[in-house]
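*Asks:* Residues per chain are reported as follows:
Protein chains: 2
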Amino acid sequence: MAVGSGALPELHPVAGVKIAIGSAGIKKPGRKDLVLFELAEGSTTAAVFTQNRFCAAPVQVAREHLKSGSPRYLLINTGNANAGTGQRGMQAARRSCEAVAELTGCKASEVLPFSTGVIGETLPLAKIEAALPTLPASLNEGLWLDAAHGIMTTDTRPKAWSAKVEGTPYTVTGISKGAGMIKPNMATMLGFAATDAPVSADVLQSLLSDIAERSFNRITVDGDTSTNDACVLVATGKAGGELIDSSDAPHYQALQAALLELFTVLAQAIVRDGEGATKFVAVKVEGGANRAECLKAAFTVAESPLVKTALFASDPNWGRILAALGRAGIDDLDVEKVTVSINGVVVAEAGGLAESYTEAAGQAAMAPEELTICIYLDRGDASETVWTTDFSHDYVTINASYRS
Amino acid sequence: MAVGSGALPELHPVAGVKIAIGSAGIKKPGRKDLVLFELAEGSTTAAVFTQNRFCAAPVQVAREHLKSGSPRYLLINTGNANAGTGQRGMQAARRSCEAVAELTGCKASEVLPFSTGVIGETLPLAKIEAALPTLPASLNEGLWLDAAHGIMTTDTRPKAWSAKVEGTPYTVTGISKGAGMIKPNMATMLGFAATDAPVSADVLQSLLSDIAERSFNRITVDGDTSTNDACVLVATGKAGGELIDSSDAPHYQALQAALLELFTVLAQAIVRDGEGATKFVAVKVEGGANRAECLKAAFTVAESPLVKTALFASDPNWGRILAALGRAGIDDLDVEKVTVSINGVVVAEAGGLAESYTEAAGQAAMAPEELTICIYLDRGDASETVWTTDFSHDYVTINASYRS
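Chains as they are written, first to last, in this note's numbering: chain A, 20 to 423; chain B, 20 to 423.
Heads up, some of the hints might be wrong.
If chains are identical, the list can't say which one is meant, so a pair holds when it fits in one copy or spans any two.
Lysine to any residue pairs mimicking SDA-like chemistry, simulated, CA-CA at most 25 angstroms apart [said to hold, decoys possible]:
| no. | residue 1 | residue 2 |
| --- | --- | --- |
| 1 | LYS51 | ARG310 |
| 2 | LYS257 | VAL364 |
| 3 | LYS257 | ALA156 |
| 4 | LYS46 | CYS393 |
| 5 | LYS146 | ALA182 |
| 6 | LYS47 | GLU378 |
| 7 | LYS126 | ILE417 |
| 8 | LYS51 | ALA380 |
| 9 | LYS86 | ALA373 |
| 10 | LYS46 | ASP267 |
| 11 | LYS126 | HIS31 |
| 12 | LYS126 | ALA182 |
| 13 | LYS47 | ALA308 |
| 14 | LYS47 | GLN224 |
Quick caveat, the hints were computed from the structure, so don't treat them as lab data.
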């Protein structure tokens with residue numbers, strides 16, 4: 020199951036970014052499970068990674084390599100997360116970078132490795148090394164959709180977005196994947212995006228950190244932060260023009276807006292394809308004293324198993340929303356002041372059922388696949404929005420049978 | 020579904036506590052849904068209530084009444100939580116106390132009201148008032164099992180425990196209920212226990228607070244703290260003997276131990292009957308720097324949807340346990356030092372699969388209905404244990420069809 024059509028726009032190539040797809044047979048024979056990105060010399064690359072203390076070997080190696088200079092290649096495999104694999108996992112991640120370096124003539128430290136799939140199984144390095152040699156010759160700018168397919172695990176469909184940045188010569192294109200173990204903390208597993216704009220490394224990293232915080236870090240499927248989350252943004256500069264090296268530079272605002280839209284679409288695409296999802300839900304908390312408490316409230320409601328099963332049942336169960344809100348850790352919350360609406364229908368006010376509420380209106384509000392739950396706290400001017408899914412039988416089925 | 024036989028021991032009456040059961044037809048006609056406790060004059064009563072900011076009208080009224088003196092009656096209804104019902108709910112809770120006072124000759128402030136069931140629907144006061152008059156005449160010391168039945172909602176079986184306190188003339192007996200919206204914070208909906216020991220009000224309250232913290236506050240079914248949690252401990256003093264007014268008093272230690280066992284059994288009974296439960300799981304975190312971080316780790320693992328679905332599948336998925344641990348908020352956690360065992364089989368060590376692990380041993384360890392997941396952090400001497408259940412299809416079915 021997944022919410023919405025999942026139709027993708029035209030994916031514009033980004034000058035300076037080439038892609039190749041391979042099949043290493045990591046989990047299943049014949050499946051496209053390897054993706055190689057080549058980044059033109061002179062590109063700048065920014066990345067954010069999972070804050071999970073138990074982070075995968077490739078995340079550790081990618082962090083290390085990023086420090087030593089600008090990457091030329093990104094190597095991504097699915098079917099195996101290379102997490103919880105100890106020193107052997109670290110060696111495998113390093114060795115896969117060396118293999119790319121040997122084939123392409125770059126340094127191993129100019130390759131960033133990414134893995135997604137089963138935790139705790141040894142990365143089948145020999146299979147990857149056997150599949151790699153065919154890739155460099157097939158590198159091509161037009162393979163973003165293939166790459167989106169190539170990084171899927173329990174995803175039911177590819178996730179991608181692309182746009183020409185208005186009023187500028189620039190393009191932005193990106194892909195993402197993920198369906199379960201989704202509550203990114205600094206980034207999500209996996210997002211890759213590129214622009215042909217020329218952007219300095221500092222500005223690119225601060226753009227990415229800010230935008231990831233407002234997009235990937237605002238989604239949750241099951242509250243389980245992955246061990247492998249990683250999000251990468253590349254600026255090749257191939258479109259030319261003045262270097263964007265500060266927020267006052269020409270086109271900075273337009274590029275920022277386009278990247279925010281790109282990342283928001285990619286992050287929401289992960290929620291729409293959340294494991295077992297039948298609903299796409301925005302939980303909007305307004306009127307908070309500060310953004311931190313709005314976020315706490317929004318995530319607590321979005322992750323409550325009782326709220327999520329009510330969403331699955333299309334039940335306008337505002338009592339469960341208020342109960343979740345009541346345990347969100349806002350010590351001096353006055354529930355009598357809280358108003359809750361679902362798709363515009365006020366369901367609760369003054370700590371109880373809204374006077375104007377009718378069961379028919381509530382049922383009608385809950386019926387659509389896409390919902391907005393709006394919670395007004397009446398404590399200040401801060402607001403935050405988090406996107407989530409419901410909790411269905413298919414979530415249990417998928418996770419009782421798939422060993423992540 | 021539920022875990023274990025659910026067989027109950029003999030429930031000893033507690034001198035000074037009488038019980039009556041009634042049928043008000045609150046949710047379904049004919050169901051036993053009213054329980055009245057009468058406490059002998061001179062009894063002391065301690066109580067702890069939910070810390071959810073969105074707390075039910077009866078919780079607010081019970082707190083108020085407790086302040087003004089020692090209660091003589093406890094009135095409990097199921098089928099309606101009287102939560103999220105605003106001023107009308109407060110009036111209904113107060114009025115139900117007045118009705119008991121009129122029938123029994125006590126003051127309304129000597130009655131504590133308790134409700135459990137659907138949130139957000141008006142309490143059908145007229146039905147309760149109509150059913151109450153038959154109750155006082157049927158008050159009887161031998162009805163603890165009937166009371167355990169009378170307070171059930173989605174529970175599949177009654178929960179009760181009773182013991183003669185060794186080396187003392189005292190008896191302790193108690194009942195509890197609850198299956199979903201279970202992560203008590205200071206107490207759980209609902210626990211009622213009594214002893215015939217003579218205990219001063221101060222000592223009784225501190226005994227209850229301490230014991231509730233170590234029993235009810237260590238269980239979680241779905242992480243959703245209820246709006247109606249309440250736990251009451253009555254000491255009638257009818258067994259006579261010296262007043263227990265300090266922790267140095269004779270019999271204090273024995274009584275404390277008996278009450279801790281009573282509350283632990285009652286709390287665990289709620290987990291064993293958790294909504295859709297097929298497993299009863301102790302998550303034990305040892306070697307922590309302090310108890311707070313052990314608790315954070317234990318609750319994060321116990322509430323992870325991915326860990327819970329793996330438990331449902333009897334899958335020894337240690338990767339999900341480590342992933343949950345990694346996001347538990349222990350900032351300087353060194354995953355390389357963590358050891359995880361399931362029912363004594365070491366599954367993970369040094370951040371990866373244990374050398375000694377075999378899949379056959381892992382599968383065998385996961386097979387039983389009752390499991391202990393032991394997580395050793397190697398950071399200090401603190402430890403904590405939390406009890407929980409798995410996440411099954413039935414949890415989704417129950418909560419997609421029951422409006423709590």
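*Asks:* Going back to the hint list, which numbers does this structure go against?
*Replies:* When the structure is compared with the hints, numbers 1, 2, 4, 5, 7, 8, 9, 10, 11, 12, 13 and 14 turn out to be violated.
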